[in-house]
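Please assemble the complex out of the two chains, which come individually in their own frames, going by the hints.
Each chain is listed here by its residues.
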Amino acid sequence: MSTKQTIVVIGNGMVGQNFLAGLVSSGKHTDYDIVTFCEEPRAAYDRVHLSSFFSGKTAEDLSLVEEGFFERSGITLHLGDKAAHIDRAAKTVTSAKGAIIDYDKLVLATGSYPFVPPVPGHERPHCFVYRTIEDLEAITASAKDGKVGVVIGGGLLGLEAAKALTDLGLETHVVEFAPRLMAVQLDEAGGAMLRQKIEALGVAVHTGKNTSVIKDGDGCRHKMCFADGTELETDLILFSAGIRPRDELARASGLEMGPRGGIAIDNQCRTSDPDIYAIGECALWNGMIYGLVAPGYAMARTVVADLTGGEGSFTGADMSTKLKLMGVDVASIGDAHAKTPGAMVYTYQNGASEVYKRLVVSQDRKKLLGAVLVGDASGYGTLLQYCLNGIDLPENPDALILPSRSDESVGLGPDALPMSATICSCYNVTKGDICQSIDGGCTTIAGLKAETKASTGCGGCAALLKSVLNSELAKHGYEVNTDLCEHFPYTRQDLYNLIMVKQIRTFDELLEKYGKGRGCDICKPAVGSILSSYWNDYILKNEHVGLQDTNDTFLANMQKDGTYSVVPRITGGEIKPDMLIALGQVAKNYQLYTKITGGQRVDLFGARVDQLPSIWKDLIDAGFESGHAYGKSLRTVKSCVGSTWCRYGVDDSVGLAIELENRYKGLRSPHKLKFAVSGCTRECAEAQGKDVGVIATETGWNLYVCGNGGMKPRHADLFATGLDKETLIQLIDRFLIFYVRTADRLQRTSVWMENMEGGLDYLKSVIIDDRLGICEQLEQQMKYVIDTYQCEWKTTINDETRLKRFRHFINSDAQDDNVLFVEERGQFRPALENERKHFKLNVETEKETVTGEVE
Amino acid sequence: MTEWIDVCGADDLQPDSGICALVEGRQVAIFYLPKEKALFAVGNYDPIGRANVLSRGMIGDLSGQPVVASPLYKQHFNLETGVCVEDAAVSVPVYPIRIENGRVEVGVGG
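These protein sequence lines are chains A and B, in that order. Using our numbering, the first residue of the first sequence is number 1, and each one after it goes up by one. Using our numbering, the first residue of the second sequence is number 1, and each one after it goes up by one.
Everything labelled a hint here was simulated from the structure, so no lab data went into it. A few of these clues could be false.
Claimed, not checked - Straight-line distance between alpha carbons at most 27 Å, and here's what the computed DSS-like set of lysine-lysine pairs gives:
no., chain 1, residue 1, chain 2, residue 2
1, A, Lys804, B, Lys74
2, A, Lys513, B, Lys35
3, A, Lys541, B, Lys74
4, A, Lys804, B, Lys35
5, B, Lys37, A, Lys513
6, A, Lys560, B, Lys74
7, B, Lys35, A, Lys516
8, B, Lys74, A, Lys516
9, B, Lys37, A, Lys804
10, A, Lys712, B, Lys35
11, B, Lys37, A, Lys516
12, A, Lys541, B, Lys35
13, A, Lys82, A, Lys144
14, A, Lys672, B, Lys74
15, A, Lys513, A, Lys541
16, A, Lys322, A, Lys466
17, B, Lys35, A, Lys502
18, B, Lys74, A, Lys712
19, B, Lys74, B, Lys37
Unchecked claim - Stretches of chain A that chain B covers, calculated by requiring three or more beta carbons in the stretch to come under 8 Å of a beta carbon on chain B:
no., region
20, 520–532
21, 536–546
22, 808–815
For each residue, glycine too, the CB sits at the ideal point set by N, CA and C.
The shape of chain B in the complex, shown without the other chains (with noise of 0.2 Å):
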């Protein structure tokens, strides 16, 4: 079962951009596109870098696939899948999440 856990109101959130969370001991990058009402929930770990500053790049697509490009060395991660787009044998987790009543959820387990 997938346990949701409240991380923020959902004014907290920066459009186009990123925040990072702290969900049971995991650091979780969120992003928020409020033209298409998406939202995004990544590791914030950047595996190439080796920092805690996906929650700093920059979103847009690639092809149509959503990404964020690390702050650290520009590689891209698909925010719907975790996988980098320029070494598909490296990715990042991705965690399920939503709004319910105005606050942001992050889903871990299940």
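One chain only, chain A, in its complex shape (with noise of 0.2 Å):
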């Protein structure tokens, strides 16, 4: 018998599952036995961010449990099973399959269940509650068969809901009993504000409606009726009308309840029991039950210290909240309706913009006690610091909702924080946090994120995060040293622009106006890529060949030995018979070392660099082209064999790639590029790891951006969807071109979105809405560099004098005796160094072997 104590927590939500990740990282959980039971199927998985699941987020995205993190902390998951009866007596927990775990400390993490009103027709079937991936697939089936859904509520998740609704494609109505949308967040003008933005966005809103009943439809599956004699014809119902604690397992064991139900819970949320705590939504706390997920982590650290001897309690939490409701930006703070006794109201209102803003402030006007945004949520973070902080208001409070006419900056600098500000409410990371991060060598925003998770959660504290970061760095006296190198005191994006808009067509003009010395290794290829991807010159002509690395200069993959390999390009992995037969031919001749890539092509190892033109000069006439597999530049689209032969493709995926990678190929970009289209969802291209992903679907092309294998693999970002051909090529056209015009030298898409001030969102709005006005010229660059492709091996082989690089000696016909191969599985690769001192070169033999066998 284990002399441990046990934990039990019922309930594996979110809540319960941040409680045992927080109980993991103070390393005490080796101290316990714990036992957790969840009733769903699956883990925790992110319920904020459900609807996602909509827009192509799979169950596994959501989920919140790393991979191996229960059996790697030893703790018990009971999945699909529920606890049924504590007995606080013999202090054990009885579960719906029958399983009795003793308990020593009991955690109720049970959560909330939708409130459903009891109207008559309620339960008819196609009527929904939106909680559970479940619930969502259900949601999903339904509206298969279905033109039109209701929700009932126009709260915060109703909202979310009808985004969903809309997002099936479903004509969507909202139906509130409130007089407002979001009544409990907004006040009268910005809940008409924002039901004015809903509506242009197409969805009905109906207020002070109050459903009487729900009975058969006419022309669809229901009708509803309500208490003012109108009526709604729909095929699904989703209701989302406030929530519920789930707490017949506590109120059954005679913990002590609210009034109106809720586990009543003192400062260390213990319950009435001293050996059971509540956290999350089941949990009422000095009367109120927080339907978020911020205040119910925060009870979850407070259990945690409670249990390892920490300290800490809940003493109540902030239910300010910024949210983007169907592309509306709606945020609210605080005391948002002004009860608190003496409050002066400030309200400024645009119609014509859409923007509406409300700041709540004490009698004597020097402290902020609410605000109300919508239509433009950017002022968020600093009143929200004000208020959370007692920050003394500037003289004119309006000032920080009224637009700015001039330079002034009416913002918050992030010096007049405390260092005990909460920067990222997500994940509880102060200013402090973030300081002393910086004060131990972190410099980066993506460092920062790694090492406090601070703007890993919902981001919008991005924007302060990087401005308390700019400011810390500052005092520090760091100079944050953006130089390309040494040669080039600017950015690699501002050499762009410098040679985008001087027409600089060579790097001796670009260094001769704006560098110094003879340059690099780092700012020669940096340029010559950007004078590349700009003007697309033949990149051996004379004034760029020294621009360019080993690879680039004989077209060819330098290897260990300095040998090359060989790519040529095998459009979408698609290869007539005959072609592969001369590619294999030419691999023979020359007797090269043959595999298959990773990305559907062939590539022959060992070339010589005096064999380099005579390998091409086969090739090409074979009809191959050049792969551009030595260059920085886009490399190969995979692609899944697609509705052509597939049972279950939904689209011509190879079809597309081809098209794709002929489109694309020769883009001289910062780093390489991967594209991937997938015939269908089963995603066998693997498209989600790729720069650039397509996947088919049964509405269009889904198009994910920003996605990478290698050391640190990355899921691509759902970027837009359902789109026909055209549209698809000119998002990634555009995108393409930005990326190219405003990455730094070798950064992935990845890591290129990820330290952009507002991240997709901001690329989006570029790419998608043209925010900048940029994409008619993203475009026509695209066009410029498509029109003037040629293949560099054809360009190459015509021209003798270029033709004299590729031999190893200027003075002689010899070769590189330090080129050794032995064979291995009937091909050969390069000796080891063991081999070398063990035989001698036989000369003789066509290709430098050695023979016989080998220590």
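This is how it looks when you write it as structure tokens:
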């Protein structure tokens, strides 16, 4: 028998899981045997972003549990089994499947359930709630044969759900009992502005409606009858009318309850039984149930502290929220309704641009009590800091919500914030935590994200985080040096702009005007790449050849022994048998080691520099062209076989892959680019691991961007859905040129996007909504690059002066006697050090090989 | 005495880039910077990457000293002294070089 105490956690939702993760990261989890029950068939997932399930995220994407977490941490998970009974006297929990677990400490994290008003007809088929992935799957199935959907409830979650219904292609209505939308967070004018904006997006809003009965419809599945005598027909109904705590277990075991439900807890989150805690939406603190995840996490931290001898208490939580509802920014801070005695209100309303802002300040106008923002929530971070930290307001508080007419800044500088100020409320990261990390040597946003987790939740604090970082770096006397290298006091993006604006065509001209010295192996290839993607000259022209890395100079990939590998283009991985035979024949003639690549082509290794032109002559004669495997440029567009053959295929992925590869081949970029196209959502081409990924769906192509494999794999982000081919190509054109223009050298698309202020949303606004007004320019530049494409190998073998370089010695036809091969598995590979020592060269053989057995 | 060995014509040099010559059995990397009319000759063998590749490296300068970067692992070698910038214990041989009557000559011995 274990002598350890046992902790039982009932409920593995977001808060339950957060508690377990907190306990594990405290390191004290090994002091306990830990058992948790999860009634759902899958462990904790992100309910806050549940609606992203409809825009392509999978259950795995939403999971909050790192792979192997339970096993590694020694936590026993009872999946698909719920706690049915608590015996407080015997200190046991009995599960629905009959497991009986003794506990020393019990944590109730049972969450809440959606409230369904007891309207007659609410239990009809095609009536749903919006809580679990199973609910979403049922809604999706029901929407397939429906045209109209109604959400009952115009609160935060209801509007999220309405977005989901529009994503499913339904004519969507929101029915709200209160006279306005988001009645809890917004005042009347704010609610009205939100309504206007949401209606403009095609969602019908019905406020002040009390549903009296749901019955059979005439044209649709249901008819909803309202108390005012009006009616609405719909095919499915989604109830989102608030939540109720899941407190039945606690109630049955005799714990103290609130008068209207909820398990009563103290500041340590203890229930009336000191060995039982309650956290999250099932808990009632000071008469209040918190329906947001952040307070639930705060409760979880409190219990972890209590169990591990740390300090901490839960003393209420800030209910401020900022979110994007159907593309509309909405934020509510503190006392949004001005209920504080003596509170004064400032309001700014701009009907033309559909912006509404309201400030609630104290009677002496010194402190911010609350705020409402609709249509433009950019001031949220600053206002929240004023409110939470009790910072004195400027003399004219209305300046905080009035549009700035001059360069004057009314934002709250990061220096004004106390160390205790919470910067990231998702992960409870304070300014102090961030400063500590910076003191420890962390000087980048990406580093801070990794170290403190700040800005990795909702991302709402990204701009604030950046300003704290910049301000702290400045204070430390760091000069953030973004110079490309010692020869150019500019970033890559600066140099790109200079070349573009000043129409500079050579490295020497750029160096003369904007740099110093001779250049180096950092700036030369970077400028070479910029010149190439802007002017698209032949890269081996005299004025460019010195800028190329050896791979670009010899249009092949140098391997460890100084020989090269050769990769002809095989667009989309599709190849005619005759071409494959020709490729094999070339490999055989030159005795090249042959291997299939991950990008669905063939790599031929062991070519000496003097062999490259004749190898390529043979390849070009057979119909091949350069695969640009040597360049920072588009490599491959991988594809699955698609609808042409596959019985699940939705569209012709091979055809699209070939078209994309032919379109973008040769484009020089800050780093290599990889694409893939999958013919259905089974995703056999692994498009979500690529810089640009395309997946066929019933409603069109879905575009994913900024994924990569390699050392730090990253899943691509869904960028746009249901596209026709023309729009898809237009978006990729813009995306690629914007990347080429603005990324740092050797920065892959993923890092480029992550370091971009505003991240994915900003990128979407530039590429899809054309917020910078540059999309036409981007498209034109891509057209230029496409129109000026040439196969570099074809140009090279037709130019005698270029071929002079392709020999090992300028003054001899001898070969490099250091290149030595041995045979292995029927092919030739470079000799290892010990093989070199034991065997002398046999220079007479055509291929310089050693023979005999290797020790 | 330095013996000068004829290796190639001056028009065989690659501006701002390198070529390799076989000089009495030795592989010599030759670099040519036309703007400053500078010529450099160092061993072609990269002692870190263990391959004859330096003539195919990029040239430039670091804090003013002319260098070639190995195309294999990117270490820099000073073209005047042969010393590796990243690891002073490693170096490559340097050779005298000149242009005489339109011919490039590398010095050996001496």
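Against the structure, the hints:
1. Lys804/A to Lys74/B: holds (25 Å)
2. Lys513/A to Lys35/B: Since the Cα atoms of lysine 513/A and lysine 35/B sit roughly 16 Å apart, the hinted pair holds (cutoff 27 Å).
3. Lys541/A to Lys74/B: holds (24 Å)
4. Lys804/A to Lys35/B: holds (22 Å)
5. Lys37/B to Lys513/A: holds (21 Å)
6. Lys560/A to Lys74/B: Roughly 13 Å between the alpha carbons, so the hint for lysine 560/A and lysine 74/B holds.
7. Lys35/B to Lys516/A: At roughly 14 Å apart (the allowed maximum being 27 Å), lysine 516/A and lysine 35/B satisfy the hint.
8. Lys74/B to Lys516/A: Holds, because 22 Å separates the two Cα atoms, which is no more than 27 Å.
9. Lys37/B to Lys804/A: Holds, because 22 Å separates the two Cα atoms, which is no more than 27 Å.
10. Lys712/A to Lys35/B: violated (43 Å)
11. Lys37/B to Lys516/A: holds (17 Å)
12. Lys541/A to Lys35/B: Holds - the C-alpha atoms of lysine 35/B and lysine 541/A are around 17 Å apart, at most 27 Å.
13. Lys82/A to Lys144/A: violated (32 Å)
14. Lys672/A to Lys74/B: Measuring from Cα to Cα gives roughly 19 Å; hence the hint holds.
15. Lys513/A to Lys541/A: Distance of about 21 Å is within 27 Å: holds.
16. Lys322/A to Lys466/A: Between lysine 322/A and lysine 466/A the Cα gap is close to 19 Å, so the pair holds against 27 Å.
17. Lys35/B to Lys502/A: holds (23 Å)
18. Lys74/B to Lys712/A: Measuring from Cα to Cα gives roughly 22 Å; hence the hint holds.
19. Lys74/B to Lys37/B: Answer holds: lysine 74/B to lysine 37/B is near 25 Å, not above 27 Å.
20. 520–532: Since three or more residues must qualify, the claim that chain B covers the region 520–532 of chain A holds, with 5 doing so at under 8 Å.
21. 536–546: With 3 residues close enough to chain B, the hint holds.
22. 808–815: The restraint on the region 808–815 of chain A holds, since 6 of its residues have a Cβ under 8 Å from chain B and three suffice.
The structure does not agree with the numbered hints 10, 13 stated previously, though it agrees with the rest.
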